[in-house]
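Here is how the chains run, residue by residue.
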Amino acid sequence: MLQVTNLTVKFPSRRGEFTAVENVDISVKPGEIHGLVGESGAGKSTIGAAIIGLLQSPGYVAQGEMSLHDTNLRTLTPAQAHAVRGARISMIFQDPQTSLNPLMRIEDQLIETMQAHEDISDADARDRAVALLSEIGIKNAAERIKAYPHQFSGGMRQRVVIALALCTNPELIIADEPTTALDVAVQSQVLDLIRALADERGIGFILITHDIGVIAQITDKVTVLRGGKVMETGETAKILREPEHPYTQALLAAVPRLDKKIDRFLVPATEADVEAPQIISGIDAEAWLLDGGVQDPIGLQAHDITVKFAGERTSLFRKPDSFTALDSVSLDVRAGTVMGLVGESGSGKSTMAKVLTGLVQPSAGTMTLGNDALPDAKSRARKDQSRRIIQMVFQDPYSSLNSRHRVGALLAEPLWLYGLENDAAKRRALCEAMLSLVGLAPDAIDKYPHQFSGGQRQRIAVARALLARPRFLICDEPTSALDVSIQAQVLNLLKDLQKTFGLTMLFISHNLAVVRQMSDDITVLQGGKVMESGGSEPFFTNPQADYSKNLLSLTPTL
Amino acid sequence: MLYKLWDSDGFWLFRRRPAAIIAALTAIAILFGAIFAPWLVDTNPYDLASFSLMDGLLPPMWEEYGTSRFPLGTDDQGRDMVAAILYGARLSMLIGIVAMAIALVLGVSLGLIAGYYGGRLDAIIMRVADVQLALPAILTALLIDGIARGVLPTAVHQEMRVIVLTTAIALSLWVNFARTARASVFVEKNKEYVQAAMIMGQHPLRVMLWHILPNIMGPLLVIMTVDLASAILLEATLSFLGIGLPADSPSLGTLIRIGMGFLLSGEWWILWVPTMFLVALVVSINILGDFLRDVFNPRLR
Amino acid sequence: MVYLIFKRLVQSAFVMLAVAFLAFSLFRFVGDPVSQMTGVETSTADRERLRDELGLNDAFAVQFYRFSTDLLRGDFGYSYRTREPVGEMIAKRLPATLELGTFALIISLMIGIPAGVYTALRPNGVASQAILLTTLIGVSIPTFVIGIMLIFLFGVQLGWLPTFGRSGTVQVGGWTTSFLTIDGWRSLILPALTLGVYQLTLTMRLVRAQMMEVMKTDYIRFAMARGIPTRSLHYKHALANTMVPVITIIGLQFGGVIAFSIVTESVFQWPGMGLLFLESIRFVDIPVMGVYLVVIAFFFVLVNLIVDLLYVAIDPRLRVKEAA
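Protein chains in written order, with full-length UniProt numbering: chain A, 1 to 558; chain B, 1 to 301; chain C, 1 to 324.
Source of the hints: derived by calculation from the structure; they are not laboratory data.
Where is the CB? At the ideal position from N, CA and C, for every residue including glycine.
Among the clues, some could well be false.
To be verified - Here are the simulated distance ranges between beta carbons: (1) C:Phe14 with B:Glu159: 33 to 39 Å; (2) C:Val10 with A:Gly202: 55 to 61 Å; (3) A:Ile120 with C:Phe179: 44 to 50 Å; (4) B:Glu159 with C:Val10: 42 to 48 Å.
Unchecked claim - Below, in silico cross-link-like pairs of lysine to aspartate or glutamate (EDC-like), each with a Cα-Cα straight-line distance of 16 Å or less: (5) B:Lys191 with A:Asp220; (6) C:Lys7 with B:Asp42; (7) C:Lys236 with A:Asp108; (8) A:Lys308 with A:Asp376; (9) B:Lys191 with A:Asp108; (10) A:Lys238 with A:Asp220.
With the hints as constraints, model all of the structure from the sequences given.
In structure tokens:
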């Protein structure tokens, strides 16, 4: 049905032409789901945009053929291409929050889309729209169709997006990361829906994703991309079972497994920015850390932490509804171990981190760090020693380092702030040693954060946390902004450091597979309540709470 | 920062924008001319002894009766127009830059505080800004001038006119900075680097000035240029209305007001020379502001 | 939604109260009201009696309360200069300024919005570049210079339109209007153009910037991917979303229109409130200054309340509750 051969897409830029996609072949049959998988910069979204004819300027198709049945997509005039969009090829975007016009009722958006491509009366179009919405799982569709986009939850909104893509009966739908913004449970429903549409209506799908679990769950065929080139293509089952290309093998090895705990990840050897040459050894930093007493493990307990946020006031007569982010949550992180804190978005796991670090004031509950009480946000002094002992590594390495200052200045902050090292020259030497310890070249000290990749920045963030001589490290989704191969490196680094220095860690993640690799104990949060808490391995082999069982069964696996 | 600008896509954009280059050159030339006016022209328009009524109402050199001694002609008092506009620009730019700087410091400080602390402090500052916003710039400036007239004895008021004018303009422009700074701080405050600094127990002043401020300089720089242009326009407007500077220390606005008297007579240059000079100055600054806006718009990068 | 409007009302009331306080402080502290009202020959005892009569010896809060309630009742005091009631003076001048401002605003919106849309949709076209450069010059020319240029061109050189004053007005009830005679329109055109040009350029640039942002959003790209006709895409989807932020700023601009009317009125000797205000500044006529302030703030607050209501009408996210 869809035949793409030898596709090359180029983006002219200030420093010459950048080839985003190079000599790519793809074919999709009716009812087939073809996955495009790869890490950032692989060119997978560009392929989708090229097929539907919506390449972002100044990108252009340099060569190659694209045809849908017997229509040559490359020779269409702009008007013809516009007619094909929607009618024969449609698209689903990543974020349902932003892909619907917020000012129009979904009814109007649906009817308008149908009427753009066929001569159909308002009433008929509405009937069809209602039928379609019911079919894709929106209850009470006749009434809900009158609603505005903001009146739907994330998962429902993505269904509306799918309905909009479907309402003109296209032959091909390009789904660009359709479930990345959704929680596991909703993701699984949306994926089931896509599979059903392919099977029942014979629609061909191109499914673009970075998540190999998603590929494994619903695609028939898969194309593995890297740097705009095809690494390997074929039947999904076969490629996942016996990958031939070394990159595919490495990629698969780097994906954390949900079904077993492994000691270290294999890292794709071809990654350019891995393990810079070590000129100064990290031993100095290691000795300094051990000297500072990091080796004495320290435990942390939180008892019945409750956090309420005041809601937006909407009425004069009613008190604003308060929202309970955490409801009597207790946490016991044993000294020298890693506690995994798991939950979907909105479960309160990041709020917990903020309570522990003193950013959010709990309305109830107590905390202890080691043998001392840990003061809450309001009573924690700026010079409280817990501010040094507890350090944090954040999720987004692009925003957790101040891009306006040199790495050296950022790293030195904890050293002088906590009075750990008062001599500027020694501070600098120590920072360089610490960079070596986390696997970066010491000359990084004079660069700015934007000169580093995401993985390298996360190493810098870890180095800065270590320079406070912490005894308790909170990692809040430290790898969820990173590609899998980079994630594997950072997780390896964290494991090594934890072992060497006996750090106590709270590891927060929505990704169960990652948590299994990292943690000794686990706590599962849902809607601000603890669902289950206990040893990590027992949890993964024999979950107790229904919620946990459900979560584990819905997580896509290889 | 300078090095980064030089090296960055910004400078590359600059080279591809002839309008921005011309504007930058014009603005620099005018600034240069204004600063070095006493050395560039040999008559001083403030010094009655340095010009003579005998030379009054001479047209620019390319017109009949024009002389190369006064390339752009003279006014009715015999002042050289070149000297007049250079000294006028000197005063206009001085007032504009100082007023903008005061507004910048005041507005950014309040904006940082409001954005960083939020809550009641923010509410108070923003309500004050609301009130200020309900009284547009010209009105505020006029009002402050009016109050100064009422409070100060006439002689003192005459003497302090430059200060009153500068204060009036500064006070009418701070809201722009405060609102922009506050909005940017709200965005930055939720970024992880600020949270990291707060968790560490950094002093709030350091968080605001060392961490947040450098990250919000982009939008502030744009407002700075736009407000510099506004300040110069405002000064000219107030002087034109006869509320700003008196005729014996003419800024560009005063010169234009004087020139208005010659609108219907043949001496067009007395009006149009300072007018065009003012417009060229403000257009250049605005083109630069526009260019900066594009450079700092992340979506364009 | 009701609460939203209530909140805005409270905020507006606060702004009005603050401006009233400003006007009151002006009246009370800038110059001495008694010495303004009396001559040199008035005795100290008489002055003291007047002081008492005016209530100037009462507690500060009492005085402010009386001042505010007087304002609410429409009692605005007397001008130092003309001894006329300020209320009457303002009321006489109000129609001239409001008509000028409204007409200028209409000009700026009628031209500014389409021009903004056009330049946003064809950012690289020759016409767009020309419009953009023109508007950049437009925001850089002081209003009074624009006025002078228009006078010079249409008044002096071509002699088509009157260059000053407000003629051809018709009395309708208590309102004098220019809208009913050709003469009235002719004398309105130049001042309104002068006042409108600056607002026009601002509106255009704002619409352009917003529209360009909207055109890059996911929902517009999704609409493109669904083959929604270009016309609907631009005018139904994109323009509506553009207007949401734009109307707020247009509300704020109304203040600018009124403020710049001071300049325009001065250039064209237009007998509006702005001219009155300028005169009152020159003569330190505090009561007129104060009341002018209050009136301006009132219109500003009123327009912004209307804008808020419009906002609610356009954006369903403010109107319709979110459902789970």
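Here's how the hints hold up against the structure:
1. The given range of 33 to 39 Å is respected by Phe14 (chain C) and Glu159 (chain B), whose C-beta atoms sit roughly 38 Å from each other.
2. For Val10 (chain C) and Gly202 (chain A), the hinted distance range of 55 to 61 Å is satisfied, since their beta carbons lie about 60 Å from each other.
3. As the Cβ distance of Ile120 (chain A) to Phe179 (chain C) is approximately 48 Å, the hint placing it in 44 to 50 Å holds.
4. A beta carbon spacing of about 44 Å between Glu159 (chain B) and Val10 (chain C) agrees with the range 42 to 48 Å that was offered as a hint.
5. Distance restraint check for Lys191 (chain B) and Asp220 (chain A): the Cα-Cα separation of roughly 40 Å exceeds the 16 Å cut-off, and the hinted pair is therefore not satisfied.
6. Of the supplied pair hints, the one linking Lys7 (chain C) and Asp42 (chain B) is violated, its CA atoms being roughly 62 Å apart against a limit of 16 Å.
7. Straight-line distance between C-alpha atoms of Lys236 (chain C) and Asp108 (chain A) comes to about 11 Å, which keeps the hinted pair within the 16 Å bound.
8. Restraint check for Lys308 (chain A) and Asp376 (chain A): satisfied, since their Cα atoms lie roughly 14 Å apart, inside the 16 Å limit.
9. For the proposed pair Lys191 (chain B) and Asp108 (chain A), the alpha carbon gap of about 37 Å is over 16 Å, so the pair is violated.
10. Straight-line distance between C-alpha atoms of Lys238 (chain A) and Asp220 (chain A) comes to about 10 Å, which keeps the hinted pair within the 16 Å bound.
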